[in-house]
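Asker: Please arrange chain B on chain A, whose structure you already have, making use of the hints.
Chains A and B, in that order, are what the protein sequence lines are. Per our numbering: the first sequence ends with 116, consecutive numbering throughout. Per our numbering: the second sequence ends with 112, consecutive numbering throughout.
Treat the hints with caution; some may be incorrect.
Straight-line distance between alpha carbons at most 20 Å, and here's what the computed EDC-like set of lysine to aspartate or glutamate pairs gives [unchecked claim]:
(1) B:K107 to A:D38
(2) B:K3 to B:D67
(3) B:K3 to A:E59
(4) B:K104 to A:E59
(5) B:K104 to A:D38
Honestly, the hints are just simulated from the structure, not real lab data.
The residues making up each chain are set out below.
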Amino acid sequence: NAGVTQTPKFRVLKTGQSMTLLCAQDMNHEYMYWYRQDPGMGLRLIHYSVGEGTTAKGEVPDGYNVSRLKKQNFLLGLESAAPSQTSVYFCASSRSITGTIGQPQHFGDGTRLSIL
Amino acid sequence: DAKTTQPPSMDCAEGRAANLPCNHSTISGNEYVYWYRQIHSQGPQYIIHGLKNNETNEMASLIITEDRKSSTLILPHATLKDTAVYYCIVLNYGGSQGNLIFGKGTKLSVKP
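The shape of chain B in the complex, shown without the other chains:
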């Protein structure tokens, strides 16, 4: 079972920031938070990951709370092409192969 809880769907206006929340209250100290997205009919696309600190790359920002029990993925200026299902995954690499466990994710709809 997925270790995360996400809202099933969200809407966002084009050009505005999209803030996607994720709860992972049982996360342990050595588990990373990963975000992937899946645009219809395509393979999942890696977005960003983090352990404790906030992270930013060319696609998005990841804000992790101090207690690490929740995080928020931020798409700063959403476009229509960002319409996709977004998956938040927690993963412990210690000694494992690191297989991803996908839940149902959040379906983000970016509207004109």
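Just chain A, with the same shape it has in the complex:
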């Protein structure tokens, strides 16, 4: 049982290049999330999805796009990379939230992205 897997683990881009980060989960979770973490800071939510075919903006969505074509996959795209997007990106997934019953999020090990 792999849990949440992120691909790639490391990447270096030049300013203006595009790329897609892949997140895959094998826990049949409905909800998926993309966060970024900058040095010395906590995680900030970029985009999230509450189900296949649906996405929504989080706290810091500018410069990113996402797609959830399959339940198990959540893609994060950078159309034109900028140095300010240098960060560690984490994907997470959770069961669907029913009423007010809490569900923990399970995280991948991150993608370290540097933009020169």
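Answerer: Below, chain B without anything else, positioned relative to chain A:
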């Protein structure tokens, strides 16, 4: 902004209990208290969560005060592998997607 206050750092001797405090004085009735930790260079790891009652699992215990304005995460027998940043998060799931808001957490150093 995070709704919680945690000490920036704590030390604990290996084999002893680590007690990590968290203040959440503005918590509302339907907000859960969650604890996650992040070991260097890894993704955050879920530890435990609770609403009103004290909770225990294989990793830790969570003690929530009766007024719910503060809580304590207890690692009963800390090991060197428990050295990490611990995040206390309050979260209201009512009608929301439940995105986590991470503050700066407490850096726990377990020493031999």
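Asker: Confirm or reject each hint.
Answerer: Now for the hints, and whether the structure bears them out:
| no. | hint | verdict |
| --- | --- | --- |
| 1 | B:K107 to A:D38 | 16 Å, holds |
| 2 | B:K3 to B:D67 | 16 Å, holds |
| 3 | B:K3 to A:E59 | 16 Å, holds |
| 4 | B:K104 to A:E59 | 17 Å, holds |
| 5 | B:K104 to A:D38 | 12 Å, holds |
Every hint, counting from the list given before, is met by this structure.
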